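Asks: Knowing the structure of chain A, use the given hints to seat chain B on it.
Protein chains: 2
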Amino acid sequence: MTLKLHCFGESGHSYKAALALSMQRLDWEPVFIDFFSGETRGEEYRRDVNEMGEAPVLVDGDIHLTQSAVIQQYLSEKTGNLGGETPEESREILRWQFWDNHKLSSQAGMLRFLMNFLPEKKRPAEVIDFTRNRLKGAYQVLDAHLEPRDWIVGTGVTNADLTCCGYLYYPEPFGFDRTDWPHIDAWLTRLSEQPGWASPYDLMPRAFPPAQ
Amino acid sequence: MTLKLHCFGESGHSYKAALALSMQRLDWEPVFIDFFSGETRGEEYRRDVNEMGEAPVLVDGDIHLTQSAVIQQYLSEKTGNLGGETPEESREILRWQFWDNHKLSSQAGMLRFLMNFLPEKKRPAEVIDFTRNRLKGAYQVLDAHLEPRDWIVGTGVTNADLTCCGYLYYPEPFGFDRTDWPHIDAWLTRLSEQPGWASPYDLMPRAFPPAQ
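These protein sequences, in sequence, are chains A and B.
So for the first sequence, the numbering used here puts the first residue at 71; every next one is plus one.
So for the second sequence, the numbering used here puts the first residue at 71; every next one is plus one.
Chain A on its own, in the form it takes in the complex:
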């Protein structure tokens, strides 16, 4: 049965799940969520799809799953891939997924939204500066971790990589410049050369037309 991922192209959290589906060559299709028109914040969506009011949501028959890391783990249990080779590796993957949700993607996602998808007059300058500075600490941690290694955990791609890259391939500006972080840069290139990789807007339908 075809897996369905409720998602939208602009969502880096959706991208983490879409990339896991794509790189594991699973039979899936995206279902577009009209986030920017408020679909995820409506009562119906909260009642029938996700009480947390968020994307993505994976539907596998009767099973509805949300939170990208939970979806990734579920898919890894199906395929036996990307979830680590040992209990230690699995814990280490989970550790980076939590770190990412707390310090990297949560902040980057919000900042990119404020800087690109909010009307210009509504953009809160102090919040943008504060978050941009705070994110530098996260980039530093990831760049230092990747300096002596090819992948975040172990010797190959895992869900840790597919989580932490969630927002880092997007073209819209949010204060992240790959050339500032050489080890992150090399890792993003490495990951993009793996079978099944595709960029966010090639995997999922987007709400906005590409910038000119």
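Errors might be hidden in some of the hints.
[Said to hold, decoys possible] In silico DSSO-like links for lysine-lysine, alpha-carbon gap of 30 Å or less:
no., chain 1, residue 1, chain 2, residue 2
1, A, K192, A, K206
2, A, K206, B, K206
3, B, K192, A, K192
4, B, K192, B, K206
5, A, K206, B, K191
6, A, K191, A, K206
7, A, K74, A, K148
8, B, K148, A, K191
9, B, K206, A, K191
10, B, K191, A, K192
11, B, K148, A, K192
12, B, K192, A, K191
13, A, K206, B, K192
14, A, K148, B, K148
These are computed hints drawn from the structure, not numbers from a lab.
In this text, all values refer to a predicted model and were calculated from it rather than measured experimentally.
Replies: Below, chain B without anything else, positioned relative to chain A:
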């Protein structure tokens, strides 16, 4: 062997791990981290204790674990408690742990820091307002979820409860008032009546003296 939790009383993320240790009646002791003097951000700490520069860290012999949810899961594997009765429950617990790390504790922890532990002149008013408003959305999700149930997942206390309550028992103001959220309020009371529960400053050494 006594488990050691590197932590400090003001840290709600540390509290999540301390509460899991306490409520499972494990043999443990806190090791004070001098966070406010910069200990977690120093080179030595990053090299020897945690490259992410964060608290808490659980030390169990040779095993060092960070990220409170990873610590909680590790302890549950030891004891067979708090981790859910079925794979579905375990996934649901993980889902709420991720939601908390993304939308609740990460924001509440930062806001409480800005409003209480930064020198008054350095407090960024716009960031404080923005984050306080954003957090209301998280309280709404949790309050609505708890309206028809006693515990976040299943029929008893799980790590989902011990995660989401991380910052909600602290006395310092950060825009969270239990009386505004009756179902959260009742749940916090219920949880505090469970065996092994204790408040953050009773479980861990604190950096600052109590407010007068």
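Asks: Each hint: holds or not?
Replies: Hints, one by one, checked against the model:
{"no.": "1", "hint": "A:K192 to A:K206", "in the structure": "holds (24 Å)"}
{"no.": "2", "hint": "A:K206 to B:K206", "in the structure": "holds (27 Å)"}
{"no.": "3", "hint": "B:K192 to A:K192", "in the structure": "holds (24 Å)"}
{"no.": "4", "hint": "B:K192 to B:K206", "in the structure": "holds (24 Å)"}
{"no.": "5", "hint": "A:K206 to B:K191", "in the structure": "holds (23 Å)"}
{"no.": "6", "hint": "A:K191 to A:K206", "in the structure": "holds (25 Å)"}
{"no.": "7", "hint": "A:K74 to A:K148", "in the structure": "holds (15 Å)"}
{"no.": "8", "hint": "B:K148 to A:K191", "in the structure": "violated (53 Å)"}
{"no.": "9", "hint": "B:K206 to A:K191", "in the structure": "holds (23 Å)"}
{"no.": "10", "hint": "B:K191 to A:K192", "in the structure": "holds (25 Å)"}
{"no.": "11", "hint": "B:K148 to A:K192", "in the structure": "violated (50 Å)"}
{"no.": "12", "hint": "B:K192 to A:K191", "in the structure": "holds (25 Å)"}
{"no.": "13", "hint": "A:K206 to B:K192", "in the structure": "holds (19 Å)"}
{"no.": "14", "hint": "A:K148 to B:K148", "in the structure": "holds (25 Å)"}
The structure fails to meet hints 8, 11 from the earlier list, while all remaining hints are met.
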